[in-house]
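So the chains spell out like this:
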Amino acid sequence: MSAFRQGIEATIPALRRYARALTRDAEVADDLVQDTLVRALRSEHLFHGGDIRSWLYTILTNLNRNRLRSLARRPPLTVIGDDDAPDMAGPEAGSRDIERALASLVEDQRAALLLVVLEGLTYREVAEVQGVPIGTVMSRLARARAQIRAFLDDERPALRRVK
Amino acid sequence: MNERPLPVTEDELHAYIDGELPADRRGAVEAWLEAHQDDANRVAAWRAQIETIRARYGAIATEPIPARFDLDRLMRNGRSWRGWAAVAALAAFVVGGAAGWGIRDATSERPNGFQTFTLDAIDAHTLYTVEVRHPVEVPASEADHLVQWLSKRVGYQLRAPDLQRLGLKLVGGRLLPGPTGAAAFFMYENVSGERFTIYSARSNAPDTAMRYNVSGKCSAFYWVDGDVAYVVSGQADREQLSKVATAAYEQFDPRTRGNS
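Taken in sequence, the protein lines are chains A and B.
Each step along the first sequence adds one to the number in my numbering, with nothing skipped, and position 113 is 113.
Each step along the second sequence adds one to the number in my numbering, with nothing skipped, and position 154 is 154.
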């Protein structure tokens with residue numbers, strides 16, 4: 001197997017984790033990962049070295065943005081409910097809160113936060129994935145954290161904007 | 001030249017917990033947090049968020065990789081964007097009449113039975129359940145004729161399941177173009193006018209358990225039994241829809257298919 005294919009394969013677990021947190025739905029997430037892999041396999045000629053992981057995160061992030069856009073064209077949008085995740089019961093009630101808190105974020109803020117805290121990308125790498133300056137990544141991160149904190153504090157989205 | 005340390009910025013607080021802070025600012029940030037309780041609380045809250053997010057999603061990366069992600073298989077079959085493309089096609093169809101089918105036909109490759117069938121079925125559901133005067137071609141008053149006709153066209157013995165137990169009455173049915181040729185389409189409604197549809201056609205996909213799909217306002221359960229695929233669609237929640245699908249499933253027993 002080529003290094004390219006090996007690099008893709010080694011990233012699948014992390015892509016599934018990222019997609020799940022991004023969409024909060026197991027089936028949608030795995031469809032997204034599959035689409036990402038298919039596009040990557042077909043686009044080997046577009047990959048000019050560098051970090052294959054970042055490249056795959058970029059594809060997945062863009063596909064999810066397209067997905068949300070095409071769904072949004074048909075209002076009202078039904079978000080798939082929590083599926084059969086077994087960990088929704090009592091002791092893990094906090095996991096439900098964090099899902100709802102993540103759901104309350106703007107997509108670009110959610111992606112920036114997850115790429116940093118869950119996927120361990122550097123600010124520079126996230127800037128490349130999202131195609132924006134590092135300063136924009138940092139402000140997305142700051143807003144995401146403020147929003148989650150406010151959400152968890154009072155269980156509803158903050159209306160005030162934390163500077 | 002300046003004795004006093006530079007004030008710490010919010011960006012630096014983020015960089016501090018994300019491991020992005022230059023080493024020579026570390027001491028300054030830690031001293032700042034000692035002296036500024038508000039900022040120390042913020043940093044603690046952000047750290048707790050990180051822990052919660054990792055606790056919630058971290059384990060997914062340690063699960064075994066599902067077979068669907070086998071790269072050799074993906075190279076051969078792909079998914080060819082039908083999933084999201086079909087959502088866009090459906091939007092085009094609703095807005096622009098026949099355009100949707102045109103886009104669909106342009107996709108000659110139909111690699112995924114589940115996606116293809118459910119999205120076709122949801123298209124049909126969305127299109128016909130809003131019809132007031134002509135939701136079906138053949139009404140329930142001619143149910144026997146309907147079932148006989150559709151069975152002949154799809155090439156296997158159908159039946160229109162009895163869903164009275166769930167308060168659903170047969171409205172009638174239609175013949176539709178399906179992924180593999182002819183498809184049969186039954187429509188049901190309850191007293192409040194909620195409509196559910198059953199879509200069925202030949203399939204070469206292997207038998208499956210019931211699978212769930214959502215497109216726009218509509219959701220669907222899909223399964224393959226023998227060489228026939230079924231999709232039950234509705235705008236209900238998952239639990240309600242699964243009751244309808246289960247009732248239909250029980251009545252589409254392949255052992256009784258083809259006996260009459």
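Read the hints as simulated data drawn from the structure, not as lab findings.
Any given hint could be a false lead.
If you want a taste of the chain B side facing chain A, the calculated C-beta under 7 Å gives, among others [what the hints assert, rightly or not]:
1) Glu20
2) Val43
3) Trp46
4) Arg56
5) Tyr57
6) Ile60
7) Pro64
According to the in silico footprint, chain B covers these stretches of chain A (three or more CB under 8 Å from chain B) [unchecked claim]:
8) 19-33
9) 117-127
10) 137-145
Glycine included, each C-beta is placed from N, C-alpha and C at the ideal position.
Here's how the hints hold up against the structure:
no.: 1; hint: Glu20; in the structure: holds, 6 Å
no.: 2; hint: Val43; in the structure: violated, 10 Å
no.: 3; hint: Trp46; in the structure: holds, 5 Å
no.: 4; hint: Arg56; in the structure: holds, 4 Å
no.: 5; hint: Tyr57; in the structure: holds, 4 Å
no.: 6; hint: Ile60; in the structure: holds, 4 Å
no.: 7; hint: Pro64; in the structure: violated, 9 Å
no.: 8; hint: 19-33; in the structure: holds (count 6)
no.: 9; hint: 117-127; in the structure: holds (count 4)
no.: 10; hint: 137-145; in the structure: holds (count 4)
When the structure is compared with the earlier hints, violations turn up for hints 2 and 7 and for no others.
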